[in-house]
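Colleague: Hints are included, so try docking the two chains, each in its own frame, into the full complex.
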Amino acid sequence: MARILSRPIEPVEEPEPSSYDNADPLGIRIGTPTRIDRLRHLGVDTQVGTIWLGTWGLLSAFLFAAGASVVVLSALDQVGGSPWLMVKYFANLNLVPPDGLGLAHSLRNGGYWQITLVFWAGSTVAWAARCFERLARHRWRPFLLFAWLSAILLTACIWVFHPLIVGSWSDAPALGLNSDLQWAQNFSVLWGNLYFNPWHQLAIFFLLGSTMLWGMHGATILATGSESSHHEDAEIKNMSSGSQKAALFWRWTMGFNAFPKSIHDYLWWFAVGTVLASAIGILTTGVITRDWYVWGVDHGTVAQYGPITREAINEYPRPMPPLSAPGGYVPAPAR
Amino acid sequence: MADLEFLEFESAYRKPGNTLFALLLGDDPFDFWVGRYYVGFFGVVSLVTIALGVTILFVAVGQYGDWDLLRAVVPSPDRSVGLGWAPFLHGGAWQSVVILATASFVAWGLREVDICRKLEMGFHIPAMFSLAISAWVILQIVRPLLMGCWCEGFDLGFTGHLTWVSNTGFKYMNFYDNPFHAYAVLGFFLTAMLLAMHGSAILGTYNTHRDPTVEMRREDSFWRDYVGYSIGEYGIHRLGFYLAVYTLVMSDLCILTSGTLVQDWVDFWHPF
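Heads up: the sequence lines are chains L and X, in that order.
End of the first sequence sits at 365 in the working numbering; the numbers just go up one at a time, nothing left out.
End of the second sequence sits at 257 in the working numbering; the numbers just go up one at a time, nothing left out.
30 Å max Cα-Cα, derived DSS-like pairs, lysine-lysine:
1) L:LYS291 to X:LYS0
2) X:LYS0 to L:LYS267
3) L:LYS291 to L:LYS267
To give an idea of the interface, some chain X residues facing chain L are shown, with a C-beta separation under 8 Å as derived from the structure:
4) PHE(-9)
5) THR144
6) GLY189
Keep in mind that the hints were calculated from the coordinates and are not lab data.
Glycine is no exception: its CB is placed at the ideal position from the N, C-alpha and C atoms.
Same shape as in the complex, but just chain X (with noise of 0.2 Å):
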């Protein structure tokens, strides 16, 4: 499809080929762009999962009869399921649902892999992507597993996964004393920190008009004044980077713990 070149580098990079499923099969019959997005064997996976699922939504949201924004809800399946197929209007929309939903969300990142192997550019952003998969398949299906029943993955709805949020933290006592969850907590709000620090050094310093190794030597002294280190413009990325793999683990492991190996998080630092 004709379009105007975006940035002068475009045009070296936007060709076919060097795609992975042309790496496995020879050949990527999607190999192409529509418009701004890259299209891609992965790409048309994740479409279709993407429509089937959000049709599935909607067909099952029009049976219940409720359009609230708010209070339209796809339910997991009931306890009486356990680990089996329910039927589609009692749990069987939802793990629909939460197949194609993952099956799309990992095409996604397949698709990242092939726009970083075009662009000959590192994996890292598919591969923070795939931790964030990570959290999502242990909440919906290693968890449930796990637990033996699809029952205990989160309802597919505004206010359905909000109040799913605190029934689980009341479910297990206390959930601030779950440590991995003060841990995880403690790496959210350090990326913020560590965000608006950054967010400020740059936003602070930065002046078209001038040589920017200045504005560059400028931030570095200026951390050095502040608080007698510059971790360096490189650096920073790689923390918050790692800070948010931190973050992203334990996250998992706090959910992944609970029910499972630990029924009560205030019981659990008073073992005998």
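So here's chain L without its partners, still in its complex pose (with noise of 0.2 Å):
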């Protein structure tokens, strides 16, 4: 491992030209590639740099710039301009989404977030741009695109498709830290508790997936490394002892093992489900029902305890102490 990590410099390699290289004014690489051999230590790849600049590069990455300063701005104004006020309170401030599907009547009631989400918007969709071109360049088959492209579709499902069919921008997720995590909440409890969103349930099942696949693979290549496993492209052409060992060792557990090719096609299967089955989660949510609990209820999917009591409710998660107690509820009194 050390010897491939200590491998010199390397150029980046040219592929064939392609039509692509001489439309582009801006298409130079900049900075000078440089080894930081620290990184050694983490056994991963020490050389950093160079970067293409390239047009589409360059434009995603303005919008996002863009976005970021009126994201900034839009702080400076919640907190009076106070620089190190809006530090204090980053975590709180938010950029929230108007009501209705109209432009927003003022910057601060929705304004700041319509902006920002166009600039963004812009930004992921010239990412895509210099994606494809970058791998028409290298030659590469498009399935990065494609991931890029689906993970674009279930932003898009949240910020744009799912207001435009329920009517209302402020379905959307403000722009903040916390107000991520209460749109979150907010928005299962809305729709009647997304958990019992059947699509929902099928992306969790892709995504703790996902995770479980990077354990089960990540493993197994770091355990036969030492025998070159994870030269993968090698591999899939002629599976070294190492390969031979991994689909072994699955083989003798499970009965059933993936190759150096297919176990690829399972994980980026798994990764683009999780995203796909959002998309579709979030599409059906106001579509096909208004509450996901009901319709849990109705297709058998909730499991039923009984009738909900008041002794039910006490033991949970704290016990209440009986209204009239000392220390109970005390009504206000009538003005």
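Modeller: Structure, rendered in structure tokens:
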């Protein structure tokens, strides 16, 4: 491994010329390849740089920075222009979406949110163009582009399609650290408990499965990496002892094994399946049903434990004192 | 059992000996394969506990009389039982299944250790599997012990465990305000993203007609163009492995702290 990680700095491999080469006036590689030897202790490649600039990359970075500046402007606006207060309360500051489907009437009531999202939507699409252009240049099959597009599809469902369907931008998340978490809870409760949305359940299956597959694949390759199972392109062509051990391990353990190529099919589809299932879950919310809990009761996916009684409520999470007891609830005197 | 050789290296490693049980007691009576499956002492332990547990599941569900795949459930004991033994149909079946399942998971992990020893490879897979077991043990054993009641474990059943997840989230007011939950979700999302990137890199470049070192350099040069850094074909597996470890540890902390140290995750952020 040490030999692999200490190989000399490599210039970027020039693949066969493509029609994208001369069309881009900003098509240059910036920076100098630098070796950071300390990274060797982490077991990762030590060369940092260069990076391709490109018109689409520059546009994407510019639009991202523009959106981020609007976020900072809005945050400053919310704390009366004090940079210190902005830093102090940053987790609780947010850019709220407007009510209804039109343009916001003012910056503070949805205008900041709309401007930022237009910039950031443009940024992600420009990044997709950069992805396409680089994939074409390096002659990759377009798996990475499809994965990125499905991620864009999910964000579009959350921030655009679902609000369009239910008739208000305010159903989309506000931009902010805490408001993000509050949106997740509120959205779930607003539509009657998203846990019982079957697409949400399928998405969680894929998401937890993705982590499990990283655990399995990562562990398998690390355990056999000393016999070069990590040279996966070479292993697909001709399996070394490392890959054979990896295959034998799973075959002996659970009677089934993947191969150096097929494992990456599973990995890719689990990751992409996560976002696709999530996108369907968001699109069906408010369309198939207004209340996923009721939908779950109707379709038998909610466990029924008998009637909810006062005694049952008192058990959780802490016993509630009787209303008349000292320290119990005392109604405010009538005015 | 006679079996065709699967890969050219199989006959070199498919031999008795070098198991954990033999290391401790000198001889492993079950050191053989059945078809493609390795058995071993821990395989037998795992098989017996699985068979017992599944039998108990079926007997209990048969007594409850509801064979609907969604509704069938073996519930955890009643709150009044506390940490004691419950009658069979009122949580005793759940207690037996949890004990047997835990024994089975641990035996399965030790069987993986045996297979690793036979193949002379690293122990990363059983190590990762033991972290996955830790999530089960914390959910079903450690946290109920800390809370003083077996009723804190989740019911064994399709809708049973889904509804438990929903109820537990709301019981502590807002689970999204649980910082460990947030860190764990971040880890889950990052593993999915890295998985898509790694899968795309391999599926996008492999070419069985060319010198594979060309493809390796093509991956490096793409990532350097795209984001300015290529972590390398060994490094990406290290990153994915440790990201999965991080996610599991955060998930463990997430459920371990809820109800034991913190009753209300909204209140948690406003201590004074």
